[in-house]
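J.: Spelled out, the chains give:
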Amino acid sequence: MSVGKTLAEKILSLKSHGEAEAGDVVIADVDLTFVQDTTGSLTIRQFKEGGFEALAKPQQTIIFLDHAAPSPARQLSNDHILLRRFAEETGCGIYEVGDGICHQLVAENFANPGEVIVGADSHTVTAGALGAFATGMGSSDVAVALALGKTWFRVPESFLIDLNGVFPRGVYAKDLILYLIGQIGADGATYKALEFGGDALAQITMPQRLTIANMAVEAGAKVGLFPGDKIAQDFLTEHGRGDNYQPLYPDAEANYEQVISVNLGELEPMLSLPHAVDNVRPVAQLKGVKIQQAFIGTCTNGRLEDLAIAAEILKGRKTHPGTRLLIAPSSRQVLIRAIEKGYVQSLIKAEAIILPPGCSACLGLHQGVLGDGEVCLSTANRNFKGRMGNPEAMIYLASPATAAASAIKGEITDPREISTKY
Amino acid sequence: MPDLVFKGKAIKLGDNISTDDIIPGRFAHLRSNLPELAKHVLEDAVPGFTSKVRDMSLRAEGKAILVAGKNLGLGSSREHAPVVIKMSGVGAILAKSAARIFFRNAINQGLPVLLCDTDNIGDGDELEINLSGGKIADLTSGITLSCSKMPPIMSAILEEGGLIPYIQKHRDFKI
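Chains as they are written, first to last, in the numbering used here: chain P, 1 to 422; chain F, 1001 to 1175.
Treat the hints as calculated values from the structure; they're not laboratory data. Beta carbons: idealized from backbone N, C-alpha and C, even for Gly. Be aware that a few hints might be false.
Listed next, with one range per pair, are the computed distances between beta-carbon atoms [unchecked claim]:
#, chain 1, residue 1, chain 2, residue 2, range
1, F, Asn1120, P, Tyr249, 45 to 51 Å
2, P, Lys318, F, Asp1123, 48 to 54 Å
3, P, Arg85, F, Gly1122, 33 to 39 Å
4, F, Lys1135, P, Gly51, 46 to 52 Å
5, P, Lys48, F, Pro1047, 43 to 49 Å
6, F, Ser1132, P, Arg45, 27 to 33 Å
7, F, Lys1052, P, Ser261, 54 to 60 Å
8, F, Val1005, P, Gly322, 47 to 53 Å
9, F, Asp1123, P, Ile348, 51 to 57 Å
10, P, Glu89, F, Pro1047, 38 to 44 Å
11, F, Lys1135, P, Glu253, 38 to 44 Å
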């Protein structure tokens, strides 16, 4: 028995009503369970096959229609009908086409420090930014969590990511997480928890934390956890649920399988090359690669702060004639605020295409499918072959600043060359 | 419940086969039509995969056994990935390592995933799998491999043929 607990051990001890230590298998209460529209129909079929009719916690169960939003095909429209009907039958919550991406809406409306969240989507890890043990599972596991209000976990060993220093100009949370995935590898943290700590945490904002936690799964991790600190408390207060705040920190004597230290001041803009997220290099080494599409959005980088950076860089400029720039805000709230702040006007004047809030072009089922041989620079989290609808296309991943700068030049561009502010 | 001992033939895959390789997002409209979706399994990554598996079963060569490298099934939580692999006629998966969600999903579908060093298994090798002992005999090369153990709850779920049959029987998790 170790003398102190990691964040993962603390939350799973609390939720399994016992002493959870790395390596243990526990049954934990689930505080929020959700599905989205490409995993939801199988989840419902599994739920019914299991002989279940009622949800254990209808108030803590949500359906999100975000992946095919609006639907491009009758079969997906019919899946939406099935999901709406299930919400009516069971009394669970539902977020409609146009409301936004599940992970953004979970952050805006639901996640709290110390909770357990399971979603039928691998990027459920995003809510780790708020100190929730949030993880993606398949349809059978989520169906059982819907029915029983609990699930089983093997308590993960944790890697401490010790962050120090400050981001230099032009370098963002996205560059940090790409750098880390390059260091750890796409399977380097499989079955593990990434826990973020260090002196730099006090100035890493909630939108930045959401970007970082979102991509923990790209290193194989089960969760990407931040503490429930003042920044989490302020975020909850801003979103009208300050009462849900509880402080959550790892113990000083917690055991970590590895400690990885990063000085933010030494980072530079990074990108992932096709076709692997851990194929990471500095943007400076790829300058001049022509791009036919740039895409700013997704659960990784479709937040207000991301659109602000893109708008600032693109204001008074135009995208390159050979490059389409697609922008998909991550929620309706983000879109409304981006309109109020004038970002959307700047982006449209720069000839960007504004898409509805949702997952959009990220997973290749609609809105921005690439052509044969085309290259896209995306702010998403995955660049696997075929991801954006065409196995003959190439996807690079980078920050919104790099995407905006590259859209102006029509080729991969270091954002520090375009903007002195960002 | 899956057979505890069975023979089959290896179909080798490389490292980092993602869920987008197994079932690309562009087929999301087929996710409520699993037989149709299954026609596209591994379509881009392994051309001719489905007919290869079908031919094996027609020639009564035993079940196809997917033999992958490291980090099999990285990416999405789509359980459709192991569902369509199983539907296509694959009896078991061997891999050096598997992504967390894919591994759990496959077991939840009653599709055995055994983790072992797959480097010395050749494409087309005849394999004998012993699920309960966690042993694989490569009858072509004569080597025997041991697999890493899974947590008892996963073995129990696999023995029942998947999570839904397990829950139908027990109505709860037993650890």
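J.: The structure should be examined with respect to each hint, and the outcome stated for every one.
T.: Results for each hint:
{"no.": "1", "hint": "Asn1120/F to Tyr249/P: 45 to 51 Å", "in the structure": "holds, 47 Å"}
{"no.": "2", "hint": "Lys318/P to Asp1123/F: 48 to 54 Å", "in the structure": "holds, 52 Å"}
{"no.": "3", "hint": "Arg85/P to Gly1122/F: 33 to 39 Å", "in the structure": "violated, 50 Å"}
{"no.": "4", "hint": "Lys1135/F to Gly51/P: 46 to 52 Å", "in the structure": "violated, 36 Å"}
{"no.": "5", "hint": "Lys48/P to Pro1047/F: 43 to 49 Å", "in the structure": "violated, 36 Å"}
{"no.": "6", "hint": "Ser1132/F to Arg45/P: 27 to 33 Å", "in the structure": "holds, 30 Å"}
{"no.": "7", "hint": "Lys1052/F to Ser261/P: 54 to 60 Å", "in the structure": "violated, 48 Å"}
{"no.": "8", "hint": "Val1005/F to Gly322/P: 47 to 53 Å", "in the structure": "violated, 60 Å"}
{"no.": "9", "hint": "Asp1123/F to Ile348/P: 51 to 57 Å", "in the structure": "holds, 53 Å"}
{"no.": "10", "hint": "Glu89/P to Pro1047/F: 38 to 44 Å", "in the structure": "holds, 43 Å"}
{"no.": "11", "hint": "Lys1135/F to Glu253/P: 38 to 44 Å", "in the structure": "holds, 41 Å"}
Consistency with the previously given hints fails for numbers 3, 4, 5, 7, 8, ordered from lowest to highest.
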